[in-house]
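Visitor: Read off the chains here:
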Amino acid sequence: MRFLLNSLCFFLLLGCASYPVQNGFESKSDSPQETLNPYFANAEKDYVYKAKIDAFNKSFGGIFIVKKLGPEHHRIAFTTEIGNTIFDFTFEGDDFKVNRILKELDRKILINILKRDFKALIQEQSPVKNHFSLKNDDILQTDILSKKHYFHYTNNQLNKIVRVDRNKEKVDFSFTNIDGQFANEIEIAHHNFKLQLH
Amino acid sequence: MHKILFLIFFISLGAFAQKEMTPTEAAALKAKVKTRADATTTVMSEFTQYKHLDFLSDDIVSQGKLAFKVPNLVKWEYTKPFAYSVLFKDETLFINDDGNKSNMDVGSNKIFKQLNQLITASIRGDMFDDNEFNIKYFKINDSSLVYFLPKDEQFSKFIKAFHLSFNAKGDVTEVKMIEPSDDYTQIKFTDRVVNKNLSDAVFTQ
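As you go down the protein sequences, you meet chains A and B in turn. Take the first sequence: its position 88, counted from the start at 1, is 88 in my numbering, and no numbers get skipped. Add 198 to the 1-based position in the second sequence for my numbering, that's all there is to it.
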């Protein structure tokens with residue numbers, strides 16, 4: 001009985017612990033000033049990915065396009081394979097503009113999800129709030145659109161961003177098959193749907 | 199000043215190159231396409247697609263094959279840079295996305311249907327539907343260019359216009375779909391083979 005109580009307490013403690021504590025992050029005193037995400041930072045490049053969205057037990061594909069148009073200025077579009085635009089957004093500084101969205105998808109809640117995800121995906125730099133380490137990884141904590149994001153680096157290479165809300169992982173952005181400043185595969189995984197970019 | 203002169207030069211060149219058809223010429227084109235269509239049972243063609251978005255440095259280019267069989271079997275098979283195919287059969291859209299098969303597509307369904315109807319209709323010769331489209335006919339040397347402006351308000355918010363180019367024989371050589379933003383998708387057909395026996399196996403996913 002005592003054992004049960006103990007484990008119950010432990011469980012509760014764990015539930016309340018902050019995300020870094022839960023995951024065994026070790027705090028580091030020296031901090032870089034900014035997070036760095038190089039994957040959509042080249043204005044010379046057209047970033048074109050084949051994308052697959054799995055949501056609500058349905059799956060649909062298309063082409064995901066990102067173009068950097070200037071400092072803190074990106075255009076993001078999603079089209080069908082045959083080229084029809086499904087949505088087209090502009091991010092410029094703190095501004096966000098919907099240039100175009102298919103009528104069927106024109107829902108505020110969905111647009112907000114996409115806005116949060118893509119903002120985190122393309123944000124090149126963001127002030128570091130805390131610096132942690134886990135094994136060989138450096139983890140930088142920052143706020144993007146007022147939500148905590150943890151940037152995971154291995155040998156200075158960004159391989160994961162995790163959005164955390166109330167100490168729980170909400171969204172994972174994984175960058176794999178990395179080629180210098182380019183991630184060949186990106187996966188954005190929500191608890192309820194997934195966006196894969198190849 | 200140089201710029202202004204350049205612009206005027208282009209406008210006058212454009213006006214010279216593309217001339218609106220007379221009603222007689224438009225009727226002759228319709229008749230030619232219709233005659234050609236009546237004699238067509240299958241079509242196979244290679245295509246190259248250019249997706250133009252104004253903010254990109256380069257068009258997104260993809261390639262593939264189109265197969266058509268009367269009365270209304272159509273398969274678009276993209277091979278480069280991604281494997282992806284769309285089959286229209288029995289009023290259903292079948293998608294094979296690099297091995298992942300499905301028969302739904304959010305958003306593009308209606309567009310594909312319309313485009314498919316246009317391609318099918320252009321091959322069969324009954325595409326010039328004045329109820330569905332405002333139609334404008336132009337000639338460029340010995341080829342023809344026809345603008346189809348959708349009358350359906352909802353649809354025109356998605357696609358502002360289809361431009362179809364025909365060669366002197368009356369074959370479709372190019373389709374351009376223009377979005378309200380003026381971004382467009384241009385599909386150019388090459389190596390067209392007509393009336394070669396195509397088995398139904400081609401039209402499976």
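Please keep in mind that the hints were generated in silico from the structure rather than gathered at the bench. Wrong hints could be hidden among the right ones.
Short, incomplete list of chain A residues facing chain B, as computed with Cβ under 8 Å [as the list claims (entries may be wrong)]:
| # | residue |
| --- | --- |
| 1 | Ile63 |
| 2 | Lys67 |
| 3 | Ala77 |
| 4 | Glu81 |
| 5 | Asp165 |
| 6 | Asn167 |
| 7 | Lys170 |
Below 27 Å or equal to it, Euclidean Cα-Cα: the simulated DSS-like pairs (lysine-lysine) are [as the list claims (entries may be wrong)]:
| # | chain 1 | residue 1 | chain 2 | residue 2 |
| --- | --- | --- | --- | --- |
| 8 | A | Lys103 | B | Lys299 |
| 9 | B | Lys217 | A | Lys50 |
| 10 | A | Lys103 | B | Lys349 |
| 11 | A | Lys45 | B | Lys394 |
| 12 | B | Lys337 | B | Lys230 |
| 13 | B | Lys228 | B | Lys217 |
Note that CB positions come from ideal geometry on N, CA and C, so glycine has one too.
Visitor: Look at each hint and say if it fits the structure.
Guide: Here is how each hint holds up against the structure:
no. : hint                : in the structure
1   : Ile63               : 7 Å, holds
2   : Lys67               : 5 Å, holds
3   : Ala77               : 6 Å, holds
4   : Glu81               : 5 Å, holds
5   : Asp165              : 27 Å, violated
6   : Asn167              : 34 Å, violated
7   : Lys170              : 24 Å, violated
8   : A/Lys103 - B/Lys299 : 25 Å, holds
9   : B/Lys217 - A/Lys50  : 40 Å, violated
10  : A/Lys103 - B/Lys349 : 18 Å, holds
11  : A/Lys45 - B/Lys394  : 43 Å, violated
12  : B/Lys337 - B/Lys230 : 14 Å, holds
13  : B/Lys228 - B/Lys217 : 17 Å, holds
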